[in-house]
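Number of protein chains: 2
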Amino acid sequence: MLVIGDEILRGNIADANTAWLAKALHARGVDLVRATVVPDDVADIVATVRDLRERVGPHGAVFTSGGIGPTHDDKTYEAIAAAFDRALVRHGPTVERMQEHYDKRGVELNDARLRMAALPSPAEVLFTEGTWVPLVNVDGVYVLPGIPRLFKQMVGAHLDRFRGPLATGADCFTQMGEGDIADTLSEIAQEFPTVSIGSYPNASGDYSKYKVKISLSSRDQEALAAAMQAVRERLECLE
Amino acid sequence: MLVIGDEILRGNIADANTAWLAKALHARGVDLVRATVVPDDVADIVATVRDLRERVGPHGAVFTSGGIGPTHDDKTYEAIAAAFDRALVRHGPTVERMQEHYDKRGVELNDARLRMAALPSPAEVLFTEGTWVPLVNVDGVYVLPGIPRLFKQMVGAHLDRFRGPLATGADCFTQMGEGDIADTLSEIAQEFPTVSIGSYPNASGDYSKYKVKISLSSRDQEALAAAMQAVRERLECLE
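Protein sequence lines correspond, in order, to chains A and B. No gaps in the numbering here: position 112 of the first sequence is 203 in the numbering used here, and each next residue is one more. No gaps in the numbering here: position 4 of the second sequence is 95 in the numbering used here, and each next residue is one more.
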C-alpha cells in the first residue's frame, strides 16, 4: 500500500484506507506486506512505487491512494507513468464518463478536470458503478483516490481479483501477563512453525475483561487447531 | 516513522500513532517525511530502519512503534541492535524501574520480562514519569511501544528535543469545485514557491458547509499572507 499526500504526513487528515485495505485483503487470504506514506513529490513516489512493485513480485499488487485530483498537488498519474515508462494519454472512455457526470451537474468539463482523464498508457482501465473515476492498473499497480468513500467503493468493486489461500484464526483471551505467557508461547510458536502467533496487551489499560489477547492464525487448519489446543492446555484462556 | 506489527498489516489493530506523531511534529515545525508499516520480521525491520535513518540525515530522527514486549513476536530491540551493530545488554536502571513496578503489583520479574530490559548498547536511555518503559535512542532512532497511550506519553515527555522552524497555516473553504480552482491555484503555487498549497475535497461528500478546503502553509509568514491574499482575491472563499 502506498499512501500519497502531504496532508497525511502533517496529521491534518488521518489515513483510513490502509486499515480498511488490510482487513479486506486479510479476509480474502491476501497478505499486506508493507504500507508506506510519502509526500506529494514525484521523485519520491516514483522511487517508492518501483520499490514496492519489486517487493511484491510478479503475482503481487500495489495499491496507491491519493493524488489523482485536478489540482497542482495531484501528481500520482504523472509519477506512475514515469515509474513504469508510460505516456500520459487522454483516455476516451473516461472522458465520456466524466462528461456525463459533469453535464448532469451543469459543471464545465474544463482542461483542469480533463487532467484527471490523462492516464498512464498503456494500462488497464477499470470502471466502477456509481463513479466516473477510473481505476488504473499499470503492471499490477492499482491507482486509487484518497477519499475513503471512493477508495472503498472502487477496491470493493474489484476485490474478486485478489484472493489467496485463506487463513483461519482463533484467539485466546487471558488475564495472565505477557511476561508470564512468553516462554510458553515461544515454545508453541516453535512447535507449530506454520502457525502465526501474536500476543497483544489490552491497549485500553482496563483489564476487567482481559489483559492479553493471544491471536493464532494459519493457512493449515489442522496445525491451527493443534496449536490452539496447546495454548488452551498450557495457558489460562478465559471462556 | 516506522510502525512494526503483523496485527496492523492484517487490519486487526489500526495504527493511531502515526497520525498523532504527524500532528505533534508538525505543531513543532518538524516535517514528517515518510511513514512505513512492516511486519514482525527482523530482516525487514533492519533494512527499513537503516533506509529511514539514512533518509532523514544526521539531524533527523526516526521513531519506531511496536515490538518491544516480552513475547516471541517482539523483535524490535533485536532488530535495532542488528541494524546499528550494537549488542543487546541488560540495562541496570531499567531493571530497577521494572523491579519496582512489578514488586508493587506482586508480579514476578521473570526472564521473559527481563528481555524488555535487554537494550541495544551503547544507546541513550531516557525515562518517562509514570512508566518504567525506557525510551531507547540509538543514533537518532527512538524506539517506542505500540500501545498508543504509552507512545503518546513517552514521545510527549521528550518533545522538547524536536523542534524546527515553525510553519504557519491558513485555510480557504470554498464551494467552488477542484476543477474550477485548479488553474488559479497552480498559478499561485508558482508565484509563491515557499508556500505549500494543498487542495482537499470534502471527504464526507456532504457539501452543505464547503466543497473544497484549500490549505496554505509556509515558514515565511509574509509569503503566506501574500499567497492567502491572492487566493482570496482570485477565488471565492467562504467567510
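The set of hints was computed from the structure by calculation and includes no laboratory data. Some clues are possibly wrong.
As the list makes no split between identical chains, a pair holds if one copy fits it or if it spans any two.
Only pairs whose alpha carbons sit at most 27 Å apart, straight line, appear in this in silico DSSO-like list of lysine-lysine [unchecked claim]: (1) Lys304 with Lys114; (2) Lys300 with Lys195; (3) Lys114 with Lys243; (4) Lys114 with Lys195; (5) Lys195 with Lys243; (6) Lys243 with Lys302.
Quick rundown of the hints versus the structure:
{"no.": "1", "hint": "Lys304 with Lys114", "in the structure": "within (18 Å within a copy, 30 Å between copies)"}
{"no.": "2", "hint": "Lys300 with Lys195", "in the structure": "between (54 Å within a copy, 22 Å between copies)"}
{"no.": "3", "hint": "Lys114 with Lys243", "in the structure": "both (12 Å within a copy, 25 Å between copies)"}
{"no.": "4", "hint": "Lys114 with Lys195", "in the structure": "neither (36 Å within a copy, 39 Å between copies)"}
{"no.": "5", "hint": "Lys195 with Lys243", "in the structure": "within (24 Å within a copy, 48 Å between copies)"}
{"no.": "6", "hint": "Lys243 with Lys302", "in the structure": "between (33 Å within a copy, 20 Å between copies)"}
Hint 4 from the list above is the single one not met by this structure.
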